[in-house]
Amino acid sequence: MATANFWTYLLRGESGEPELCQDFDMKVYRTAKKLAKKYAIKFNPNELVVQDDALIERAFQAGFEMLVTMGIFNIDSGKVIRFTENEILQSIARQKSAITLGYGKDAFEIHNRKIEDKRLPVVAGGCGNQVDEEYRYLLYLGYAKNPWIDYIEPVPPYKFMGHLVKAGTPFEIQACLNNIALYRKACLDAGRPGMPIKGKDGVSAIADIATNREDIGYRKTDHNNVYFKPSLKTTYEDLNRVTQYVQYGTYVSTGGCAYIGGYCGDVEGAVICSIAESLAGPMLYNAVINHNCVMESVNPSASTRKSLWGTNLASAAINRYTNLPAIWGAYLTMAGPCTEMMMYEIAAQTISTTMAGCNPFGVAPNQGVTPNYCTPMECQFMGEVAYATTQIDRKTAGELVEKLVQKYEKALETKDFPKGKTFAELYDLETVEPKQEYIELHDRIWAELEEMGLPQYKPTLQSYR
Amino acid sequence: MDELFDKIQEAFEDYEDEELVELIREALSQGAEPAALIRFLSEILEKIGKQFSEGTLFLPDMVMAGDQMEQCMEVIRPELEKGKEGLQKIGKVVLGSVAGDIHDIGKNMVKAMLNVTGFEVVDLGTDVSPAQFYNAVVSEKPQIVGLSSCMVTTIPNMQDTIDLLHAKGLTDQVKIVVGGGSMNPALAAQMGHCTYGGHDAFEAAQILKTLVS
Chain H
1178 MATANFWTYL LRGESGEPEL CQDFDMKVYR TAKKLAKKYA IKFNPNELVV
1228 QDDALIERAF QAGFEMLVTM GIFNIDSGKV IRFTENEILQ SIARQKSAIT
1278 LGYGKDAFEI HNRKIEDKRL PVVAGGCGNQ VDEEYRYLLY LGYAKNPWID
1328 YIEPVPPYKF MGHLVKAGTP FEIQACLNNI ALYRKACLDA GRPGMPIKGK
1378 DGVSAIADIA TNREDIGYRK TDHNNVYFKP SLKTTYEDLN RVTQYVQYGT
1428 YVSTGGCAYI GGYCGDVEGA VICSIAESLA GPMLYNAVIN HNCVMESVNP
1478 SASTRKSLWG TNLASAAINR YTNLPAIWGA YLTMAGPCTE MMMYEIAAQT
1528 ISTTMAGCNP FGVAPNQGVT PNYCTPMECQ FMGEVAYATT QIDRKTAGEL
1578 VEKLVQKYEK ALETKDFPKG KTFAELYDLE TVEPKQEYIE LHDRIWAELE
1628 EMGLPQYKPT LQSYR
Chain R
109 MDELFDKIQE AFEDYEDEEL VELIREALSQ GAEPAALIRF LSEILEKIGK
159 QFSEGTLFLP DMVMAGDQME QCMEVIRPEL EKGKEGLQKI GKVVLGSVAG
209 DIHDIGKNMV KAMLNVTGFE VVDLGTDVSP AQFYNAVVSE KPQIVGLSSC
259 MVTTIPNMQD TIDLLHAKGL TDQVKIVVGG GSMNPALAAQ MGHCTYGGHD
309 AFEAAQILKT LVS
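From first to last, the protein sequence lines are chains H and R. The first sequence begins at 1178 in the numbering used here and counts up one residue at a time. The second sequence begins at 109 in the numbering used here and counts up one residue at a time.
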């Protein structure tokens, strides 16, 4: 259905009412404020995992009304793409609740999970940090041979023949192809040739499109990301990506990435915009996989109380009232690998998002900006925490997240984040296994988590009855 | 007059544009010094900037505050010219996201923060080519040019811009400040001829203030 309506929706961005971008932005701000008041959505710093189902329902209604009221603004045409209530409801009703990714024995289904869902989630690894050429294959091999990780998002292209890769150039296209080829080789070497790839980020549309090829590039059994521009906006570049994805026949993933302090206003407005974008994704972008992310923008972070509460609420609302499989876990941490703070951040974010029904995805340590500061261990730990979260209830999850935030929030105030260590420092580069130092930290943190009330996931015969 | 200034502050903070402009006219007609009025409005802006950095006000508030300041200045400016007093901006900044980069939320936050800090900002928008930056530096003669990159793959375009400004001999006349999600101090140092613009919009404004002081 979504594909059938693709051109209808797209053409509304040509014939819709003209608008100035800055006027649209200010309308988003005012509408978000108005809807937060109308639906009584109020940030509660003491309830980071939302317990109130009525609030989750109201947040969904507010996001729905936001999309009907504002539509999506095409920055390039300067016109608004509108959707009716009925179109949104039809879109929700026809969404698939599971998508098969990968092929052969390595294929798996990613499901729409509900709040407090007891089913085990799919775990997506990878990170946004750049990685030097000499370590890239080993890093991919580390991910691919880790049994906790179902699939990964490749790291962004970094260098090509010794030069930094430049967006929109032949070097970027070739670097992207090389990057995927390296990932495929790592999967093959790990005995998982059909392991899929989570959509790539941070590259231009031309490189995205050029790497969609079955032989050495992205396959139809992978999924490609395309996002909205903040807040509730799109561009021809994004729509060009979607047009090619639709014709190529691959899966599209999108999400509601909303920024606290931007044109959504405070966290309540960001929740509303995030939900609205997730509802628009299947219609305008043909998205079949979703995520919700409410991020701080003035001091960029996903680990603050506001960010945790906002991501949890928006995710819970979309996961409860739509059928879309969601993928979001602990994407950004402020601290670096092999530090206690980073482990606490991962645990807090993952418990919160898994409890809200997401399949976990992450981790980009040090906000994803320090080259080589990432390892498979962060993703493994995220996966372990996500599995463990299926054994607890929402109230316990809330208590755990509260305790974890208390352990690191002072560092957020002082902006004193431990940088940690690099992949080469933390992994044995011959065996591609973590060194003792990281294993010890991992075990120590798990002992702490168990003490706090999060038992490690250890299946017993009882689990299979 | 104190009561009138209180009303101006209230109208400014409540975004009552029309009332605010009327109050400014009234204050001038009652003999308020244009320079004193500007100082007073600047203090309100500074307070708004502080609230923004603390997370209690948001980008739209900053944009509205900047617009209101401009509306007030339109009324005050003719009076300033009569008295031959000049409006003192602390510096001029040319700002933009580099070629290939269409992320603008961070850049817009920096712009809003610089506006309320007292800078004159010329915003070139997003996906700005090295030649466009060069032309703007030549025509606008800023003290600072701010380059934003939020993608790893647009850092080389940032380097191209710096290289062009340096090759044209402009790095002696204008300070280059780099920032954005993909930037860090080590990378800035590696690129040369530029200063790292900080972790967030508030920090950026502080760094730029230091650069022009």
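These are calculated hints, taken from the structure and not from any lab test. It cannot be assumed that every hint is accurate.
[Unchecked claim] Here are the in silico distance ranges between beta carbons for each label pair:
1. H:Y1634 <-> R:T164: 26 to 34 Å
2. H:V1245 <-> R:E124: 24 to 32 Å
3. R:E124 <-> H:T1185: 23 to 31 Å
[Unchecked claim] Here are the simulated lysine to any residue pairs, SDA-like style, with alpha carbons at most 20 Å apart:
4. H:K1256 <-> H:E1414
5. R:K115 <-> R:S161
6. H:K1572 <-> H:Q1272
7. H:K1612 <-> H:L1315
8. H:K1291 <-> H:V1257
9. H:K1282 <-> H:S1268
10. H:K1596 <-> R:H307
11. H:K1211 <-> R:K115
12. H:K1210 <-> R:G306
13. H:K1596 <-> R:E121
14. H:K1210 <-> R:E121
15. H:K1214 <-> R:Y123
16. H:K1204 <-> R:E151
17. H:K1596 <-> R:G289
18. H:K1219 <-> R:E162
19. H:K1204 <-> R:Y304
20. H:K1592 <-> R:K115
21. H:K1219 <-> R:Q138
22. H:K1322 <-> H:Q1583
23. H:K1592 <-> R:G163
24. H:K1592 <-> R:M172
25. H:K1592 <-> R:S161
26. H:K1204 <-> H:K1291
27. H:K1587 <-> R:E121
28. H:K1596 <-> R:N292
29. H:K1210 <-> R:Q159
30. H:K1598 <-> R:P293
31. H:K1592 <-> R:Q159
32. H:K1210 <-> R:M172
33. H:K1596 <-> R:Y304
34. H:K1336 <-> R:S161
35. H:K1210 <-> R:N292
Built from N, CA and C at the ideal position, the CB exists for glycine as well.
#### Entry: Structure-inconsistent hints, enumerated in ascending order
1, 3, 5, 6, 8, 9, 11, 12, 13, 16, 19, 20, 21, 22, 24, 26, 27, 34 and 35
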